[in-house]
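Here's the letter readout for the chains.
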Amino acid sequence: MKKTKTQLFSYLIVIGVLFLIGLIACEENNEPESDPNATKYEEVNGEVTVTDLGQGTGTITWTSDKVWILNGLVFVNSDQTLTIEAGTVIKGKPGMEADASALIVTRGGMISAIGTASNPIIFTAEADQLSGNIGKDQRGLWGGIIILGKASLNSNPGETAIEGIPTSESRGLYGGSDDTDNSGTLKYVSIRHGGTDIGEGNEINGLTLGGVGSGTTFEYIEVISNKDDGVEFFGGNPRLKYILVAYCGDDSYDYDEGFRGKGQFWVAIQDETGGAGDRLGEHDGGTDPETATPYAIPVIYNATYIGRGASAGKRVITFRDNAGGKYNNSIFANQAKGIDVEILIGEQNSYKQISDGNLEVKNCIFSDVAGGTAETIFKLSYVGDSLDNSGNKVTDNDDKQIPTLALLNKVDVNTPTWVAMFANNGNSTISGLVSATNPVPATGANNGVAPTDSWFTNITYQGAFDPGGTNWAVGWTLLFESK
Amino acid sequence: MKITISTIISFVFILSGLQGYSQKGFLRGKIIDEKTGEELIGATVVVTGTTKGTITDFDGNYSLELDEGIYNFTCSYISYQTQNYQAIKIKADDVTIINIHLDEAQVALDEVYVVARASRRTEAALQVLQRRSSVVLDGISAQQISRLGDSDAAGALKRVTGVSVEGGKYIYVRGLSDRYSKTTLNGAEIPGLDPNRNTVQLDLFPSNIIENMVIHKTFSPDLPASFTGGHIDIITKDFPEKYTFQLSASFEFNPISHFNPDYLTYEGGKYDWLGIDDGIRSIPSEAEGQIPARFYDDYQLDLITKSFNKTMESEKKSSFMNQSYSFSVGNQLEIREKPLGYVIGLSYSNKYNFNDNGVTGRFKLIDGGDELLTSQLTLDTDKKGSNDVMWAVLANLNYKINNSHKIGLLLLHNHSGESSARYQAGEKSSDEAGMLYQTRTLQFLERGFSSIQLKGEDFFENVGKIKIDCLSSYTYSKQHEPDLRFFTNHYTLQGNSRLYEISQSLYPVPTRYYRFMDELNWDNKINSEKPFNLGSIDTKLKAGVSFVLKKREFREKKFNFNENSNSYNGDIISYLDDSNINASEGRLFVSNSETSDKKNSYNGYQRILGSYIMTELELTEKFRFVTGIRMENAYILTNSLKENEKEGILDNTDFLPSLNTIYSLQDNMNLRFSCNRTLARPSFRELAPYASLNFVGDFVFIGNANLKRTLIDNFDFRYEFFFKPGELFSFSAFYKQFINPIERTFNTEAANPELTLRNADEARIYGVEMEIRKNLEFVSWMKNLSFGANLTYVKSSVTVDPKELSLKREFDPGFPDKRVMFGQAPYIVNAYLNYTNDSLRLSSNISYNISGERLYLVNAVGIPDVFEQPRGQLDFNISKKLGEKFNVKFSVKNLLDTKYNQTYFYKNTTYIFESFISGRFYSISLSYLID
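Which chain is which? The protein sequence lines are A and B, in order. Residues 1 to 483 in the working numbering are what the first sequence lists, from first letter to last. Residues 484 to 1414 in the working numbering are what the second sequence lists, from first letter to last.
Hints were generated in silico from the structure; no laboratory data involved. One or more hints might be untrue.
[Unchecked claim] Not close to chain B: a few residues of chain A, all C-beta gaps over 10 Å, as computed: (1) Lys-40; (2) Asp-79; (3) Ala-86; (4) Gly-108; (5) Ser-118; (6) Asn-133; (7) Asp-178; (8) Gly-249; (9) Pro-289; (10) Thr-376.
[Said to hold, decoys possible] Quick partial rundown of chain A residues pointing at chain B, CB under 7 Å, derived from the structure: (11) Glu-97; (12) Ala-98; (13) Gly-274; (14) Ala-276.
[Said to hold, decoys possible] Covered by chain B, per the in silico footprint, the following chain A stretches (three or more residues, Cβ under 8 Å): (15) 137–147; (16) 258–268; (17) 360–368.
All values reported here derive from a predicted model rather than from experimental measurement. Note that beta-carbon positions come from the ideal geometry of N, C-alpha and C, so glycine has one too.
Isolated chain A, as found in the complex (with noise of 0.2 Å):
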């Protein structure tokens, strides 16, 4: 027994080593939390490239005499206003996806970059030199402008992150309550060949506006050759006047998310030569649940949007996801398809907006548009097929779905119909009235109603020129050529 004692002694002392040996860990990862650096401005030969490492642009003025080069992403941080001189150049360096370059103004922050008729502000790619070496049409070669505010959206939850910029970066976060939010002013800024890729079938738009309130300023902005969208609203309700999108990839004009802004003289225009553009107008009510609210009901006056022709197969406008949305005054011209309203099986669509009041086209003129009648040019669309308790499709993707919607009693085929308000609405078609290269018609287009609200400038023509008028783009915009 006496035995049996040493030896359950000693072999607990092995164990109690072992144990030991065991719990000692190793301590080895103390590594000192290194500090954000500050931005960097690197200048050479004149060009001051700026690197955001956390801390923003800080409140600083870009003079025109530098040209600022763009490396990544760079905010402006919130309390922090960059000011921009006529005349400046900023160019974005090349890289898609973590590599993208894009201006961020992120909420609170505050930009003003504000350029004159003959000393424009452009924003372009690094290596555009801005002598015509690169051509017009050229899309994808750095980032965007991104201006993120405080306006509220009706995306759920309220405040979201910006496409394309992980949600580990808190500076990409928009959306709040303030509508009449301020983000400073743009104005005479030409944005151009931006659009690259940022990340799993995302790219940053020409211009993006998350959650923008109204207090912010838009005048006189032309964004061309960009890969994506041209402007792109997520909920907000900013005010943009004389706005040129041109040779964009996707979309011109694309809202999502319940915006609610106002705009005047808006020019479109796509490239039919090079073969891109998708929707001159791009219109989408909520996301997740699509009726979410405050609805889209942005109010546009004088825009004129000219597309790729007959062959290219593309649509004016799609009202969708339940956005509203009220075009007044304005010329749709040269496009295979005219607007579509989306009709679903659920209550509240943009059909419904329609009947709501919220969806309106009024005085318009369709030129060369999708044949030429109210019946061709104003359509229904039903997005997306159901299956029915027996796993059928309830809807033929083809057409034809209002029947079997009617069926389903979603759908009280006794409203006004779309089609009939084309000429309720006061609309007419016309052929030849303007064109890519002469967006201004000589004659005709003064059948509008003048605007009641006082933001916008009164005048009673049709589309965004004055009718045998100027061309207010030409002289500070690329496409009616600069410098």
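Starting from the known structure of chain A, fit chain B onto it as the hints suggest.
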């Protein structure tokens, strides 16, 4: 590589020739305690009336070399009843096996005469293990695997109580997802090859190398603590008692997959038949460096774009049938008069799989009040062809230095290569009705690992009868996915003509991925065991330490193919042609993002130190009590190669107590109760900021550096009754509580839907399990039949992430705050019926298994979750011995041909997420067997 294989083959034949030289025969076997099942060390076996004999070693094994003839033997051990065996025939060059169960002596020391019955390592042996084990344990033996006709470990394991298999590879124990199971090879850690999973792919282990597989369902401190559902130990064949030789070939036919002229494939390399890429899928050397952006060096950019191979589309080619071949040889040799056991196994299989009946759908809810979901994508054409090649080489050598010391060396290399081509087409209605979508995926997945295991077992009889075993296992593994190609486009109809387009804003442009994962695993452990007699109580004290080191490198490179405008006209070949490559004109050019590649590439380092102490107390004859504690210190670091990305760091020291009690109601009837704490750690991939997607158009899945480890408290109760050898009835009940379980959720802040992982507050599961195995010999006409069935019923619930919940409740105010755990099946049923007729030398088996619907995908707001539907599988096989050494087997798998079906369910309507039918598999195999 061919040289290596032929060298191995000739080596094998040399070894197989060795057995012809001796003129003597052997008597071998194992002696165990009938009651406890423990091996008896130092028991004697002698030729009756002579001094010729031997004693058992510390594994209870004995081996006696004798001239040909007929002998009587006596087996004895102190305080046990002596057993006599009469007229045992020993043949030259042959081995007669007698496994002996000795009973403790009763009052009178009688001698017992036993009619000798040769018994191989069978499920009965596994059952002994099961009965004497201190933990709840289930298993499957080589014999059962061969009877059921399963070709790999994954197929075989799905027969075990509470086990289901997902995708032919991943094990779910008690319906708990693979996160909660752990697989070891002979007790050593082996790496999981799929970076998106935290478990081992079990299809990599061909059944001819497996001796048995044991599933521990409760924890004891000598096991690694990172399992909750089950710890699966794959035990390879090691010490054969006699010469065995097996060569078999089998051919399998499936009407959909084989000899089908529509089978999809794409051009591969010379060594695809070995599952090895010959370099045709490598990154072109031109594209290794930095790729210039347009307008910087367009000449160089064009050269790079042109350097990629042009195949991005599948081609039709007739497929062959499935073939598989296996070979193994084993024997004992005498080296310096001590036995050296060896087993060498080789296997090769080449399988074709095709189905063209797939349907893929994506749906969402437009508004909370809607009655129906709205389609976003309906791919009613879904064809996928894949060619899976798998081979394995195993050599296991064990040498008994003497009766107290044994060393073993295992060498194992597994390799698999899967080349697949998929074409999906249908309507992508999310953007516009009438938009017809086409996508093609070409993939090659090369997986493999090489493992060296060195182990020693020592018994120090004079030093307190301490037993020590140690193991050092070193494994290198890889999963390479070179040149994964996606090519997606859409078209709309305008009159009779198709307007083709590649739309970057709707789906990614043509893309090629190159992914390489390499991992090293080093597992070392020492276990010791010492018996004590504390008065009348037999006790055992066990202690050990372990050190596991794991290093992983994951690299991804991605290349996009862009254009300035759209020139795609529906012809992929002309689109990728050199004449269409011109960056300065804005035609096709390649681009990549070094920073994104860096972000998606990561290094992982994991170090786990474990130590334990436990004791086994046999308080009374009937009551055993096993308790102890394990300490694990784990340090895990995952860092992305991109600077400033958050590192995933886990550094925990956990104390994991365990208590197992076993009360023997009778010799063959136990009541067990156990409670213990275990854990589950996130994998490297889950901690890395790596974003990946399954196929074009699906949600991105991204890791989370903030994950914590999960602690689980487990409670198990089990009643088991082994009424006859090979027969049993058991009933278990269990309850598990999870603290911080890692669950899938939606990243609510992301602009586009993005899946990620979060630690939920808590989860609970509880369930019951039942198993019966029974011969039907009590009914005379059914005397050749036996049947078995097992059933597991589980309920689970986990709290839904509060952010996700609040969003989902805006849509659906009734959205429940709890859901089933990810991957958790509510029930699992396995059943089989065996027919064995020794006189006809015929055996047959019919088996069925099914598991209930499991959560497959947690979805975004407005999209119901996706569940995988139950899919009952009925298999049948029949085999017959021909002559002495041949065996022929015919089998049909998937007799019911049930649809593989993943679905959404919303307001009484079922919507298809993905479904296909795989068809029945008919196979015939012929084997030549000496044993």
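Review point. Within the stretch 360–368 of chain A, is the number of residues with a Cβ closer than 8 Å to a Cβ of chain B three or more?
Key: violated (count 0)
Check your understanding: Would the least Cβ to Cβ distance between Thr-376 of chain A and chain B come out above 10 Å?
Key -> 14 Å, holds
Practice item. Let me know if the C-beta of Ala-98 of chain A comes in closer than 7 Å to any C-beta of chain B, holds or violated. Key: 4 Å, holds
Check your understanding: Beyond 10 Å from chain B, beta-carbon-wise, is Asn-133 of chain A?
Key -> Check fails; 7 Å does not lie beyond 10 Å.
Review point. Minimum Cβ separation between Ser-118 of chain A and chain B greater than 10 Å?
Key: Check passes; 28 Å lies beyond 10 Å.
Practice item. Please count how many residues of the stretch 258–268 of chain A have a CB within 8 Å of a CB from chain B and say whether that reaches 3. Key: Result for this restraint: violated, n = 0.
Check your understanding: Can we keep the Ala-276 of chain A interface hint, with Cβ of chain B closer than 7 Å?
Key -> Hint on Ala-276 of chain A: holds, closest Cβ of chain B at ~5 Å, below 7 Å.
Point to revise | Beyond 10 Å from every chain B Cβ - status for Asp-178 of chain A | key: 20 Å, holds
Review point. Going by Cβ atoms, does Lys-40 of chain A stay more than 10 Å from chain B at every point?
Key: The claim holds: Lys-40 of chain A sits with its nearest Cβ about 14 Å from chain B, beyond 10 Å.
Exercise for review: Grab the minimum beta-carbon distance between Pro-289 of chain A and chain B and tell me whether it stays above 10 Å.
Suggested key: 5 Å, violated
Point to revise | Asp-79 of chain A and chain B, when compared Cβ to Cβ, separated by more than 10 Å | key: 22 Å, holds
Review point. How about Gly-274 of chain A: closest beta carbon in chain B under 7 Å, or not?
Key: 4 Å, holds
Violated hints, listed in ascending order, are 6, 8, 9, 16 and 17; each of the other numbered hints is respected by the structure.
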